[in-house]
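Number of protein chains: 2
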Amino acid sequence: MPENTQISAECRKFLLEEARTGKLATVRADGRPHIAPIWFDLEGNTIVFNTGTDSVKARNIRHDKRVSFCVDDEKPPFSFAIIDGTAELVDDQEHLLAWATRLAGRYMGQARAAEYGKRNAVPGELIVRITPTKIRFAKDIAN
Amino acid sequence: MPENTQISAECRKFLLEEARTGKLATVRADGRPHIAPIWFDLEGNTIVFNTGTDSVKARNIRHDKRVSFCVDDEKPPFSFAIIDGTAELVDDQEHLLAWATRLAGRYMGQARAAEYGKRNAVPGELIVRITPTKIRFAKDIAN
Chain A
201 MPENTQISAE CRKFLLEEAR TGKLATVRAD GRPHIAPIWF DLEGNTIVFN
251 TGTDSVKARN IRHDKRVSFC VDDEKPPFSF AIIDGTAELV DDQEHLLAWA
301 TRLAGRYMGQ ARAAEYGKRN AVPGELIVRI TPTKIRFAKD IAN
Chain B
201 MPENTQISAE CRKFLLEEAR TGKLATVRAD GRPHIAPIWF DLEGNTIVFN
251 TGTDSVKARN IRHDKRVSFC VDDEKPPFSF AIIDGTAELV DDQEHLLAWA
301 TRLAGRYMGQ ARAAEYGKRN AVPGELIVRI TPTKIRFAKD IAN
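Residue numbers (the numbering used here), protein chains in the order written: chain A, 201 to 343; chain B, 201 to 343.
Same shape as in the complex, but just chain A (with noise of 0.2 Å):
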C-alpha cells in the first residue's frame, strides 16, 4: 500500500484552523533526536518555516533530509497530525522577507506582522520546506 503523501482536506483545516505551533523533529550528525517548535504555514502540499542557517535545525537537515513535524490539539478529546518527510533548506532573499511577514502575521497577527516579519527576515535566515512522505492524522483519540 503506497504511503499517504497527501495532506487531506480535513487535516490541512486542522494544521491551518489556529495557529498551532509545528514541533519539529530532526536528527544531529552523533545520532542524537533534536526538538523544536515552529511556526508554519502551508503551500500546496508542502509544510514551509523559516530558519537560521546556523541553527541546530538548519544544520541537521544539511546532514540528512529526514524530518518528523507534528502539530496537536493538546486539549481533550485531543487531536494530531504526525508528518514525515524531507526537508529543503532553500536560500532565497527575495522570499523570505514575504514568507517572514506571512508566518508573522499567522501566529502574531496581522497589526505585528510586519514588524515581526522584518525581526525575522535578516541575513542568514533560510526558508524550509518539507515535502511530506508519510501523514498520520487522528481526530478525537480520546473519545
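Keep in mind that the hints are not guaranteed to be accurate.
One copy or any two copies: either way a pair holds, since identical chains are not told apart in the list.
Each computed DSSO-like pair below joins lysine-lysine, with the alpha-carbon atoms no more than 27 Å apart [stated by the list, open to error]:
{"id": "1", "residue 1": "K318", "residue 2": "K334"}
{"id": "2", "residue 1": "K339", "residue 2": "K318"}
{"id": "3", "residue 1": "K275", "residue 2": "K318"}
I should point out that these hints are in silico values taken from the structure, not numbers from a laboratory.
Please build the complex by placing chain B on the supplied structure of chain A, with the hints as guidance.
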C-alpha cells in the same frame, strides 16, 4: 561548563501549570526521527509517561535511549522547554495503573481519571522515565 540537567522551579511551573502535552522525539533504527505527542508528568527531576511495548517510541528507545522532549506555549509571547535526555523503559505492572490514572487525571480531569487510567494500564504497557541531560527553557520569546 556543565550542561543544565536540573529542572528549575520556573521550568517546573511551566511544565505543570497547564496540562499541555509533551512532544517526544526519538530516532528509528534506520536513522529517521520520529515525533509523537504524549501525556507526561514529573517525578522529582524525571519526566514520566506510558507507552505500549510495541509502540514506535518504545522500539526506538530500546534501540537508542537518547530522546528530545518539548513542551511549548503556543500563544504569544510564546515559551518553550526543550529537554534532551535518556529514556528508560520500565515494565512495572505494579505501578502502571497508578501512573496511568495519575496521567489520565492530569489530562482528562479527575472525574475521568479512573476510567482512562484503566483503559491505558493494559498488559504490554510500559512506564518510561526520562532523565534530563540538557535543559533549555525560554520564556516569552516574542517580547
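Against the structure, the hints come out as follows:
1. K318 x K334: neither (33 Å within a copy, 32 Å between copies)
2. K339 x K318: Between copies only: 21 Å across chains, 36 Å inside a chain, cut-off 27 Å.
3. K275 x K318: For K275 and K318, only the inter-copy Cα distance (20 Å) is at most 27 Å; the intra-copy one is 33 Å.
Checked against the numbered hints listed earlier, the structure breaks hint 1 alone; every other hint is satisfied.
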